[in-house]
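The listed protein sequences correspond, in order, to chains A and B.
Under my numbering, the first residue of the first sequence is numbered 168, with each subsequent residue one higher.
Under my numbering, the first residue of the second sequence is numbered 32, with each subsequent residue one higher.
Hints listed in this document are in silico derivations from the structure and should not be mistaken for laboratory results.
Note that this is a predicted model, so its numbers are computed, not measured.
Worth double-checking, as some hints may not be accurate.
As the list claims (entries may be wrong) - From the structure, some residues in chain B lie toward chain A, with a derived Cβ separation under 10 Å:
#, residue
1, Glu-38
2, His-39
3, Gly-68
4, Gly-85
5, Glu-89
6, Val-93
7, Thr-97
8, Phe-101
9, Glu-104
10, Gln-105
11, Ser-135
12, Val-141
13, Thr-142
14, Tyr-144
15, Leu-146
16, Thr-160
Said to hold, decoys possible - Part of the chain B face toward chain A, derived, beta carbon under 8 Å:
#, residue
17, Glu-36
18, Thr-40
19, Asp-42
20, Trp-43
21, Ser-90
22, Thr-94
23, Glu-137
24, Lys-139
25, Phe-143
26, Asp-162
27, Val-163
Said to hold, decoys possible - Quick list of in silico lysine to aspartate or glutamate cross-link-like pairs, EDC-like style, CA-CA up to 16 Å:
#, chain 1, residue 1, chain 2, residue 2
28, A, Lys-584, B, Glu-38
29, A, Lys-584, B, Glu-36
30, A, Lys-171, A, Asp-209
31, A, Lys-582, B, Glu-36
32, A, Lys-357, A, Asp-314
33, A, Lys-582, B, Glu-38
34, A, Lys-189, A, Asp-172
35, A, Lys-357, A, Glu-312
36, A, Lys-582, A, Asp-209
37, A, Lys-483, A, Asp-286
38, A, Lys-351, A, Asp-449
39, A, Lys-211, B, Glu-38
40, B, Lys-136, B, Glu-36
Glycine is no exception: its CB is placed at the ideal position from the N, C-alpha and C atoms.
Listed here are the chains, written in short residue letters.
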Amino acid sequence: MNVKDLRPINEYEWEIPASYRKDMRVPVRIFATRELLEGVLDDKSLEQAVNAATLPGLVGHVLVMPDMHQGYGFPIGGVAATRYPEGVISPGAIGYDINCGVRLLASRIEAQAAAPFMDDLATAVDSYCPSGVGKSGGLSLAVAELDRVCREGSHWAQQEGFASEQDLRRTEAGGRMAGADPAKVSARAKQRGRTQVGTLGAGNHFIEIDRVDRVVHPEAARIMGLEEGCLVVQIHCGSRGFGHQICSDYVQSFQGAVQRYGIQLPDRELVCAPLDSPEGRDYLAAMHCAANFAFANRQVLAFHARRAFEDVLAGKVHNWHLHQVYDIAHNMGKIETHTIDGETMQVCVHRKGATRAFGPGSPELPEEYRPIGQPVLVPGSMGTASWVLVGTSASMQRSFGSTCHGAGRTMSRSKAKQSVRGDELRRTLEAEGIHIRAGSLAGLAEEAPQAYKDVDEVVETVAGAGIALPVARLVPLAVIKG
Amino acid sequence: MGYREIEHTADWTLEVWAGNLAELFSEAARGMYALSGVRLAEGGRSERLVSLRGDDLESLLVTFLTELLFIGEQEKTAFDRFDLDVDGGALEGTLGGAPIAGQSKEIKAVTFYNLHIDHDPHGYRTRVTFDV
Numbered sequence: 168m169n170v171k172d173l174r175p176i177n178e179y180e181w182e183i184p185a186s187y188r189k190d191m192r193v194p195v196r197i198f199a200t201r202e203l204l205e206g207v208l209d210d211k212s213l214e215q216a217v218n219a220a221t222l223p224g225l226v227g228h229v230l231v232m233p234d235m236h237q238g239y240g241f242p243i244g245g246v247a248a249t250r251y252p253e254g255v256i257s258p259g260a261i262g263y264d265i266n267c268g269v270r271l272l273a274s275r276i277e278a279q280a281a282a283p284f285m286d287d288l289a290t291a292v293d294s295y296c297p298s299g300v301g302k303s304g305g306l307s308l309a310v311a312e313l314d315r316v317c318r319e320g321s322h323w324a325q326q327e328g329f330a331s332e333q334d335l336r337r338t339e340a341g342g343r344m345a346g347a348d349p350a351k352v353s354a355r356a357k358q359r360g361r362t363q364v365g366t367l368g369a370g371n372h373f374i375e376i377d378r379v380d381r382v383v384h385p386e387a388a389r390i391m392g393l394e395e396g397c398l399v400v401q402i403h404c405g406s407r408g409f410g411h412q413i414c415s416d417y418v419q420s421f422q423g424a425v426q427r428y429g430i431q432l433p434d435r436e437l438v439c440a441p442l443d444s445p446e447g448r449d450y451l452a453a454m455h456c457a458a459n460f461a462f463a464n465r466q467v468l469a470f471h472a473r474r475a476f477e478d479v480l481a482g483k484v485h486n487w488h489l490h491q492v493y494d495i496a497h498n499m500g501k502i503e504t505h506t507i508d509g510e511t512m513q514v515c516v517h518r519k520g521a522t523r524a525f526g527p528g529s530p531e532l533p534e535e536y537r538p539i540g541q542p543v544l545v546p547g548s549m550g551t552a553s554w555v556l557v558g559t560s561a562s563m564q565r566s567f568g569s570t571c572h573g574a575g576r577t578m579s580r581s582k583a584k585q586s587v588r589g590d591e592l593r594r595t596l597e598a599e600g601i602h603i604r605a606g607s608l609a610g611l612a613e614e615a616p617q618a619y620k621d622v623d624e625v626v627e628t629v630a631g632a633g634i635a636l637p638v639a640r641l642v643p644l645a646v647i648k649g
Numbered sequence: 032m033g034y035r036e037i038e039h040t041a042d043w044t045l046e047v048w049a050g051n052l053a054e055l056f057s058e059a060a061r062g063m064y065a066l067s068g069v070r071l072a073e074g075g076r077s078e079r080l081v082s083l084r085g086d087d088l089e090s091l092l093v094t095f096l097t098e099l100l101f102i103g104e105q106e107k108t109a110f111d112r113f114d115l116d117v118d119g120g121a122l123e124g125t126l127g128g129a130p131i132a133g134q135s136k137e138i139k140a141v142t143f144y145n146l147h148i149d150h151d152p153h154g155y156r157t158r159v160t161f162d163v
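Using the sequences and the hints given, assemble the complete structure.
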């Protein structure tokens, strides 16, 4: 695709009209500066967005966020809304890591006071939070207990002593998606999930201890309990093998569904089924199980992070408590109400590598966040800054209450491995004062900061477009990876 | 017969080619293990019978590779010998392998993205993209 194929809307928005390809049902709207846009013209992001625009039942636009990059089927950074219940749901447009997301815990611990203990903190978090390839080592649950996790999500974690009432209140959907049905989950998915609650996994998942570098929205920061110079913890992971298997099962079974419903698609990874069909309802019920698993997973990891902080810092700093700011999904399908072209309707919003960003006044937010909008957590690449944002009224009107989810890759993993050595990267980051705990040096190299876009530029773009408002910038002090 | 990695911004894509379908499936498996840095233990070798079905060849390839990922995660076993019979939407055969001694990276899933198994007079060729 050429930049000439795109119609500029303003400095931060571009459109691919529905006339670009005859099978498109809606236009594609891209949130990007010209520079960010030109950066993705060589990969398949925009072609994948055009493919996504062929899904039956779409309303409004298919949206692409500035951290976009090529995925498999649906672009990363993509948002698509289908009319409920007659539109479709597409497992591949939500992703294998269902409810991959980020949790942010904040503290009043001054980074300076904690500096002598940072290495011990990194070690303690690393030892309490199992990470790495195919790692279990979390809890070992009987299938009946796993079914409770599926149905109850973070509420299961609270009943088991891993969560506070405030944790649940400050989690998207209260940490529990209604309508989860473990009977719609395969035995194989359950076998994988039984030992993976409370595990981080590998790849780009991490736990990071950060310092609040800069507050740019003092009122919102005050309400969230973010203080300049203090420590915060980010937890980035999802539904582990449990969610991967559920998505794999349904992408496979939907290959037949598209034929039964006469749906023509340009890519088999986009397979889908009507939301009101037996197949669509089954996937939704299973997907909600994975979403609840992921909420519980991050909750148990948060419990262990708090344990690590207490073990290392008790008696050494005045208050070592970590309170929850928010927990948010960035791979999810949600039934929500939005107003599109003046018509208020229920839609299924597919967000894949995009974060929900509800504006002020949303009844789905905890009371304390209603005046400021929903906290949005945007982790940067390893060793670089991250951001806390809030959703806006404009995000409700223009992006189905969605915004970016991270920095976004710009370099392939193979190129990253060729240009960066894991051990050298580790030394460089440690020379910058960042404590690293990594299970795999090869994995570390693939996640090198050079392989990602500049998160500050991504955040400037969503802020410029009005679909999120920056609150605080975070800088890393310790990174724990699988 | 062989495989090579193709550039992909976020995930991994393998190009695989072979003279027949059984070799194509075997090479895809070898390539997948190579991408995730799987090392087999010296001893403890074992064999396993497999019997899988798919709606078509592409679906069967996804099913086969997904099966190997599952066995790898749950039983910590991988395979380096493949005696397969692939016919239409059915795969039967014996896998020979050993415990996984090490693995550097995780594959979440085998995708259908742009997946076509092409056949010409030289043999079979495909590209498989993995979510990582």
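Original post:
Given Trp-43(B) as an interface hint, is the shortest Cβ-Cβ distance to chain A below 8 Å?
Top reply: holds (6 Å)
Original post:
Is Lys-211(A) within 16 Å of Glu-38(B), Cα to Cα?
Top reply: Since the Cα atoms of Lys-211(A) and Glu-38(B) sit roughly 11 Å apart, the hinted pair holds (cutoff 16 Å).
Subject >> Pair hint Lys-136(B) and Glu-36(B), alpha-carbon separation not exceeding 16 Å >> reply: holds (15 Å)
Original post:
Under the criterion that the straight-line Cα-Cα distance not exceed 16 Å, is the pair Lys-351(A), Asp-449(A) satisfied?
Top reply: Roughly 6 Å between the alpha carbons, so the hint for Lys-351(A) and Asp-449(A) holds.
Original post:
Are Lys-357(A) and Asp-314(A) close enough, with their CA atoms no more than 16 Å apart?
Top reply: holds (9 Å)
Original post:
Does the nearest C-beta of chain A fall within a distance shorter than 8 Å of the C-beta of Asp-42(B)?
Top reply: holds (6 Å)
**OP:** Using Cβ atoms only, decide whether Ser-90(B) comes closer than 8 Å to chain A, and label the hint accordingly.
**Re:** holds (6 Å)
Subject >> Hinted pair Lys-189(A) and Asp-172(A), Cα distance within 16 Å >> reply: Holds. Lys-189(A) to Asp-172(A) sits at ~14 Å (cutoff 16 Å).
Original post:
Do the alpha carbons of Lys-357(A) and Glu-312(A) lie within 16 Å of each other, as the hint requires?
Top reply: With Cα atoms ~11 Å apart, Lys-357(A) and Glu-312(A) stay inside 16 Å; holds.
Original post:
CA of Lys-584(A) to CA of Glu-38(B), is that 16 Å or under?
Top reply: Measuring from Cα to Cα gives roughly 12 Å; hence the hint holds.
Original post:
Should the interface hint for Val-93(B) be scored as holding, given a Cβ-Cβ cut-off of 10 Å against chain A?
Top reply: holds (7 Å)
Subject >> Evaluation of the interface hint that places Glu-89(B) against chain A, nearest CB under 10 Å >> reply: holds (7 Å)
Comparing the model with each earlier hint shows no violations; every hint is respected.
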